[in-house]
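Engineer: So the chains spell out like this:
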Amino acid sequence: MSSFPEDLKYAASHEWVRVEADGSVVMGITDHAQELLGDIVFIELPEEGAEVTAKAEMSVVESVKAASDIYAPISGTVIAVNKTLLDAPETVNSSPYGDGWFCRIQPANAAELDALLSADAYAKICE
Amino acid sequence: MGLRTPLYQQHLDAGAKIVDFSGWDMPIQYQSLIEEHHAVRQHAGVFDVSHMTVVDVKGPQAKAWLQILLANDVEKLNETGRALYSAMLNDNGGVVDDLIVYRMQEGYRLVVNCGTREKDLSWMQARSRGFDVQITERPELAILAVHGPESIDRVCQLLSPDIAAQVKTLGNFRALEAGDWFIARTGYTGERGLEVILPEQDAPGLWQSLLEIGVKPIGLGARDTLRLEAGMNLYGHDMDETVSPLAANMEQTIAWEPETRQFIGRAAVEQHKREQATGGLPILTGLVLEERGVLREGLRIVCELNGETREGVITSGTFSPTLKHSIALARIPAGCQNCQVDLRGKLIPVRIVKPNFVRFGKKVFE
Numbered sequence: 001m002s003s004f005p006e007d008l009k010y011a012a013s014h015e016w017v018r019v020e021a022d023g024s025v026v027m028g029i030t031d032h033a034q035e036l037l038g039d040i041v042f043i044e045l046p047e048e049g050a051e052v053t054a055k056a057e058m059s060v061v062e063s064v065k066a067a068s069d070i071y072a073p074i075s076g077t078v079i080a081v082n083k084t085l086l087d088a089p090e091t092v093n094s095s096p097y098g099d100g101w102f103c104r105i106q107p108a109n110a111a112e113l114d115a116l117l118s119a120d121a122y123a124k125i126c127e
Numbered sequence: 001m002g003l004r005t006p007l008y009q010q011h012l013d014a015g016a017k018i019v020d021f022s023g024w025d026m027p028i029q030y031q032s033l034i035e036e037h038h039a040v041r042q043h044a045g046v047f048d049v050s051h052m053t054v055v056d057v058k059g060p061q062a063k064a065w066l067q068i069l070l071a072n073d074v075e076k077l078n079e080t081g082r083a084l085y086s087a088m089l090n091d092n093g094g095v096v097d098d099l100i101v102y103r104m105q106e107g108y109r110l111v112v113n114c115g116t117r118e119k120d121l122s123w124m125q126a127r128s129r130g131f132d133v134q135i136t137e138r139p140e141l142a143i144l145a146v147h148g149p150e151s152i153d154r155v156c157q158l159l160s161p162d163i164a165a166q167v168k169t170l171g172n173f174r175a176l177e178a179g180d181w182f183i184a185r186t187g188y189t190g191e192r193g194l195e196v197i198l199p200e201q202d203a204p205g206l207w208q209s210l211l212e213i214g215v216k217p218i219g220l221g222a223r224d225t226l227r228l229e230a231g232m233n234l235y236g237h238d239m240d241e242t243v244s245p246l247a248a249n250m251e252q253t254i255a256w257e258p259e260t261r262q263f264i265g266r267a268a269v270e271q272h273k274r275e276q277a278t279g280g281l282p283i284l285t286g287l288v289l290e291e292r293g294v295l296r297e298g299l300r301i302v303c304e305l306n307g308e309t310r311e312g313v314i315t316s317g318t319f320s321p322t323l324k325h326s327i328a329l330a331r332i333p334a335g336c337q338n339c340q341v342d343l344r345g346k347l348i349p350v351r352i353v354k355p356n357f358v359r360f361g362k363k364v365f366e
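If you read the sequences in order, they're chains A and B.
Letter by letter, the first sequence follows residues 1 to 127 in the numbering used here.
Letter by letter, the second sequence follows residues 1 to 366 in the numbering used here.
Bear in mind the hints are in silico, worked out from the structure with no lab data behind them.
Worth double-checking, as some hints may not be accurate.
Claimed, not checked - Have a look at the derived ranges for each label pair, beta carbon to beta carbon: (1) A/Ser75 x B/Gly205: 54 to 62 Å; (2) B/Glu311 x A/Ala108: 40 to 48 Å; (3) A/Ser94 x B/Tyr85: 37 to 45 Å; (4) A/Ser94 x B/Thr253: 51 to 59 Å; (5) B/Ala164 x A/Ser95: 38 to 46 Å; (6) B/Ile213 x A/Ala108: 54 to 62 Å; (7) A/Ala108 x B/Lys346: 27 to 35 Å; (8) A/Ala115 x B/Ile213: 50 to 58 Å.
Stated by the list, open to error - Listing some non-contacts, in silico: residues in chain A with all C-beta distances to chain B over 10 Å: (9) Ser3; (10) Ser13; (11) Arg18; (12) Asp22; (13) Gly23; (14) Pro46; (15) Lys83; (16) Arg104; (17) Leu117; (18) Ala121; (19) Ala123; (20) Lys124.
What the hints assert, rightly or not - Output of the computed footprint for chain B on chain A, the stretches with three or more beta carbons under 8 Å from beta carbons of chain B: (21) 33-44; (22) 64-76.
From the three backbone atoms N, C-alpha and C, an ideal C-beta is built for every residue, glycine too.
Isolated chain B (complex conformation):
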């Protein structure tokens, strides 16, 4: 038996198929992954993501420390409630994890991946020596992600009129604290929606109320197809400690200015930037297969660079329920053309596109 979120019984009640996910017993799907996917693109769905790790950072040097720990700059969080996506790098400029950091009324809140929990916590502890900060994991909190065009209205139906009014006008990447509930306009689907971080004892009630007003329960299977359609990276697949953020489509998340901010990994990623300028760093690209077949993680890509044959690899691939054909993220040498995928020994042409396939229910690439 694995670890269980406070919603385990609710998942069984909703007919979930349970799988092991980094040591947690999690719902992969309820009835149909594709129907769950469409429910989020067209209406509203709720995901239990309580397995993710919430870490609160407080203390007089919380900001100064996060400016060293993260490749993005928390200086950008110039108001309470603002959120920022960032990589946490190692000294070689590899990605220890990707995370969201929120500015709270007091201190900061980080939400990191569940599969990297222990590594992240020990990395943070080790790198906090000499800083006056308190790093506190919050395992007693649950997280419900509610996403889809109708999601915000649905959640607001369940909130007090005062809080609902504030949530309705919340901007993207903004959050608010309502007592011991934390409500953020962030997510991993490419749709409008909210992530609600709340005490575990409140989670079953919110879950049940959402289901009763027509929000569908969504498993981790559809979470993966939704994030991939949105072109969002999955840690451990599209990037890890051996991959530069510059080779993982994360360049926009590195705050290079001010040059005096010596975040961990800075020297290494500056070197990667020089390598990138001479074409020496691979890229993470989008791929599209419009004929039959499904691109899968690990499949070999054969492409051409200046008349020479080069190779790459698919880091995430799936069937896109919205587009009704396969899409993938792949790491290939910069400047390559004429990509083909090795599908069971047959080379099939695939199209290179920007790694962003679907936003707000619509196809976004040419």
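The shape of chain A in the complex, shown without the other chains:
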């Protein structure tokens, strides 16, 4: 069974975000997404400083099975990238909400966070 932590917000395209105390957000892909993808072997991440747009492609994940586009859950500037994923992409399989985070984004418009889903609402989509 996939897990859906209550303290996160979710996009229907299977990304999660966690709002930090300083107003930035950390994002990654959900447990459900990593289960669907299976063993992840390569991850392409945006550059630090890149501008991303909500619902636009920001990253590509390749598993043994398939290549999958990852969409930015909110618009903003990428302020940190989890470079350990470049050499250890399987971290996303083992810890999608922890060490398998993708990047940290400074939101351009914090109101966009309100459009994201609660854990319950996202879990329903995954049923």
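Please arrange chain B on chain A, whose structure you already have, making use of the hints.
Structural biologist: Chain B alone, transformed into the frame defined by chain A:
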């Protein structure tokens, strides 16, 4: 709900993710495809391949008929227990299916693909007119493939000492019959191993015993990465009825001699051979991408031939867990150089290699 093998419950118990495979509910993976792959390369794994179709051929003209039906020559099966890989061609020299044929104490046993079952059976029936042969499907048999460097020892632990002694000395592409069990040194992984064909009621017991002595259950996902590392074709992907065996790296499986053996498709593949001699037939090659990214079936290949741009296509591609980069089989014009793959609109150079990547756990191409 699809068709289920006698091991369906065992797959659920082992935590399998079940997918539809040509109408069968089959395990694609249990926990991690990559760990399952390594288990076969380094230790031992067991696959349920009971969805594959077993066909027994008997009768006074069984041999004569198989010499017409198959592009390889069962004359080579000069002893009981020998096995042969062959294409079954249509009149245009396209591949109806690829299969293994074993010589049994009585008659022959064919193991064909599950996705082509109905087509194969009706083709065999239609082409057996006038021959005194009995063609019998054996759906009541299960097949367990046990592969990996430790696999033969593991299986032998579960056999009677007498049978175990015979299995231990069994040569590659050799089989033996032990009561209603059939044990063959054949497989689809590039590792040592056995395929055990047995009555369906015996399958859960063998499966459970293998797991208890440390053999890992392996899904169809790792079966695909293992066979591709071994450079083995997958029917319906690397070849089909529209593809000549000569354009599918299967030339060695055609027995051209004696010239008098008029197997189905002979005239057509002789024509393909003439086309091949003038460079008119494409080849199935290996490709390697050593940088990041994964080659996938259907991706376009751009290459050069005598200064002109030509195109090919990937027929099977994956990430190789052993080599830790991507490998593929691709059909490209003969003699091409400077291959590039179209990866999401970007042309990335790929290396042409012999279509054989990993054998016995080790990289085999230069």
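Engineer: Test the statement that A/Ser3 is away from the interface with chain B: the closest C-beta pair must be farther apart than 10 Å.
Structural biologist: The assertion about A/Ser3 holds, with a minimum of 16 Å to chain B.
Engineer: Just tell me: holds or violated, for the beta carbon distance of A/Ala108 and B/Lys346 against 27 to 35 Å?
Structural biologist: About 28 Å separates the Cβ atoms of A/Ala108 and B/Lys346, which means 27 to 35 Å holds.
Engineer: Are all C-beta atoms of chain B more than 10 Å from that of A/Pro46?
Structural biologist: holds, 15 Å
Engineer: Beyond 10 Å from chain B, beta-carbon-wise, is A/Gly23?
Structural biologist: holds, 33 Å
Engineer: Has the hinted range 50 to 58 Å been met by the Cβ atoms of A/Ala115 and B/Ile213?
Structural biologist: For A/Ala115 and B/Ile213 the Cβ distance comes to about 54 Å; the hint holds.
Engineer: Beyond 10 Å from every chain B Cβ: check whether that's true for A/Leu117.
Structural biologist: The claim stands: A/Leu117 keeps its Cβ more than 10 Å from every Cβ of chain B (closest is about 25 Å).
Engineer: Please confirm whether A/Ala123 is truly not at the interface, meaning its C-beta sits more than 10 Å away from all C-beta atoms of chain B.
Structural biologist: Non-interface label stands for A/Ala123: nearest chain B Cβ at 19 Å, farther than 10 Å.
Engineer: Does A/Arg104 clear chain B by more than 10 Å, comparing its Cβ with all Cβ atoms of that chain?
Structural biologist: At about 23 Å from chain B, A/Arg104 clears the 10 Å cut-off, so the statement holds.
Engineer: Can you take a look at whether the segment 64-76 of chain A is actually covered by chain B? Rule is 3+ residues, C-beta closer than 8 Å.
Structural biologist: holds (count 4)
Engineer: Was A/Ser13 rightly flagged as not at the interface, with every chain B Cβ beyond 10 Å?
Structural biologist: The claim holds: A/Ser13 sits with its nearest Cβ about 18 Å from chain B, beyond 10 Å.
Engineer: Within 54 to 62 Å: is that where the Cβ-Cβ distance between B/Ile213 and A/Ala108 falls?
Structural biologist: holds, 59 Å
Engineer: Say whether it holds or is violated: A/Lys83 keeps its Cβ farther than 10 Å from all Cβ of chain B.
Structural biologist: Since the minimum Cβ distance to chain B is about 14 Å, A/Lys83 lies beyond 10 Å and the statement holds.
Figure legend: structure checked against the earlier numbered hints; the only hint not met is number 4.
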